Amino acid sequence: MSSNRIEISIRSLPIVKDCSQIALSLFTKFNFTQLLTTLMQQVILRLIHPQKIQGITISSSPNIGPYILIELDLNASEAFKIWENLADTLYPQTRVPVFVVWKGEMDLSPSDLGKRLGEILAKMNTSLFTLTHPVDLTKEFSEE
Amino acid sequence: MNTACYLDANIIIALLFPTDAHHKNSLERVYHLNMQGTRLVTSTYALVEVISNTLRATDPSKQGKYIFAEPLPQYIRLLQNLKPNQRCEALLNYIISYIKNSFHIEVIEQKSLYEIETTNNTKIARLFHEGIKLSWIKIRTKDLLHIAIANLLKTHGVKCIITTDKTDFEPIKQTLEKDLDLKVEILTTQQS
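Residue numbers (our numbering), protein chains in the order written: chain A, 1 to 144; chain B, 1 to 192.
Please note: incorrect hints may appear among the correct ones.
DSS-like, lysine-lysine: derived pairs with alpha carbons at most 25 Å apart [claimed, not checked]:
{"hint": "1", "chain 1": "A", "residue 1": "K81", "chain 2": "A", "residue 2": "K103"}
{"hint": "2", "chain 1": "A", "residue 1": "K123", "chain 2": "B", "residue 2": "K24"}
{"hint": "3", "chain 1": "B", "residue 1": "K173", "chain 2": "B", "residue 2": "K159"}
{"hint": "4", "chain 1": "A", "residue 1": "K139", "chain 2": "B", "residue 2": "K166"}
{"hint": "5", "chain 1": "B", "residue 1": "K123", "chain 2": "B", "residue 2": "K142"}
{"hint": "6", "chain 1": "B", "residue 1": "K65", "chain 2": "A", "residue 2": "K139"}
{"hint": "7", "chain 1": "B", "residue 1": "K138", "chain 2": "A", "residue 2": "K139"}
{"hint": "8", "chain 1": "B", "residue 1": "K111", "chain 2": "A", "residue 2": "K115"}
{"hint": "9", "chain 1": "A", "residue 1": "K115", "chain 2": "B", "residue 2": "K83"}
{"hint": "10", "chain 1": "A", "residue 1": "K115", "chain 2": "A", "residue 2": "K81"}
{"hint": "11", "chain 1": "B", "residue 1": "K183", "chain 2": "B", "residue 2": "K154"}
{"hint": "12", "chain 1": "B", "residue 1": "K100", "chain 2": "A", "residue 2": "K115"}
{"hint": "13", "chain 1": "B", "residue 1": "K111", "chain 2": "B", "residue 2": "K83"}
{"hint": "14", "chain 1": "B", "residue 1": "K159", "chain 2": "B", "residue 2": "K183"}
{"hint": "15", "chain 1": "B", "residue 1": "K142", "chain 2": "B", "residue 2": "K183"}
{"hint": "16", "chain 1": "A", "residue 1": "K123", "chain 2": "B", "residue 2": "K111"}
Simulated from the structure, these hints should not be mistaken for laboratory data.
Computed from a prediction, not measured in an experiment: that's the story for all the values here.
Please build the complete structure, drawing on both the sequences and the hints.
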């Protein structure tokens, strides 16, 4: 587990695990308390039945920065509805991208999956093709 | 009708990949044009090139060459797990949605581009006829078709082409401006 990662239990009051000094300093500037309060009370529990939440992780990664990852015990179509709602409600308040993963079936068509993924990520100013390293694709692809 | 700029496939790719050498320039130019009210358009032909190249970057065999920032690899894997043509369909729809919602780029398709014309008793789609008529321009066929499309999309207000391809477009820039009345804007990095 990376040192700048925080897991939250949704079934009780927030329990912060693995809360290193790095993680605390990282999230202080994003008003971590406010983020958690908004996350727990105003948005997530209104949208998702607590039993469907398998985990919530706040983490950080190069080129994305801090992000929230929510694991749901739902099918893709149900998870996408929640993700779209979170992108509309949570992201504008926190400016921290939210990602949703699901444990259930992939019940979306490829075109629907692509369309909705593009819409959600555009709302959160996050590109699916964010790499961890610099590239010059015009040059690379013309040379292949 | 507002003035429109036609975006070459390499601009779309640069916008999709935030760590690409041309991303910052492309983003700044696109935002500036959006603010000015200039419409940004591209073609389905450009999308073919964008998707073909994007697929290479997400190809499982290229793992290690292109490393996606967490937590994106799980969504990339989701695409990789689709059948090849389903993966292309998902990417097509992703890219249309993403460029429309992030940068207000419209993918323009026009029936008239494919109207069948006749020459010497031979049927030919208008787009390819245009490409042939412009083949005196010294450029690769791939780029010639972008020029032909941009020229035909003048009816949609297209007055310029924006590209990162300095090698191919710099030598013909003046020709396009003088003979076709199409302005060419080449976005460069400090290295290029």
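Results for each hint:
1. K81/A <-> K103/A: Given that 25 Å is the threshold and the Cα spacing comes to 15 Å, the pair holds.
2. K123/A <-> K24/B: The hint holds at about 19 Å.
3. K173/B <-> K159/B: Judged against 25 Å, a Cα distance of about 13 Å means the pair holds.
4. K139/A <-> K166/B: holds, 11 Å
5. K123/B <-> K142/B: holds, 22 Å
6. K65/B <-> K139/A: holds, 15 Å
7. K138/B <-> K139/A: holds, 20 Å
8. K111/B <-> K115/A: holds, 24 Å
9. K115/A <-> K83/B: It holds: about 17 Å lies between the C-alpha atoms, which stays within 25 Å.
10. K115/A <-> K81/A: Holds, at roughly 13 Å.
11. K183/B <-> K154/B: Holds, at roughly 12 Å.
12. K100/B <-> K115/A: holds, 11 Å
13. K111/B <-> K83/B: Roughly 30 Å separates the two Cα atoms, so the pair is violated.
14. K159/B <-> K183/B: The given pair, whose Cα atoms are some 6 Å apart, holds under the 25 Å limit.
15. K142/B <-> K183/B: holds, 19 Å
16. K123/A <-> K111/B: violated, 31 Å
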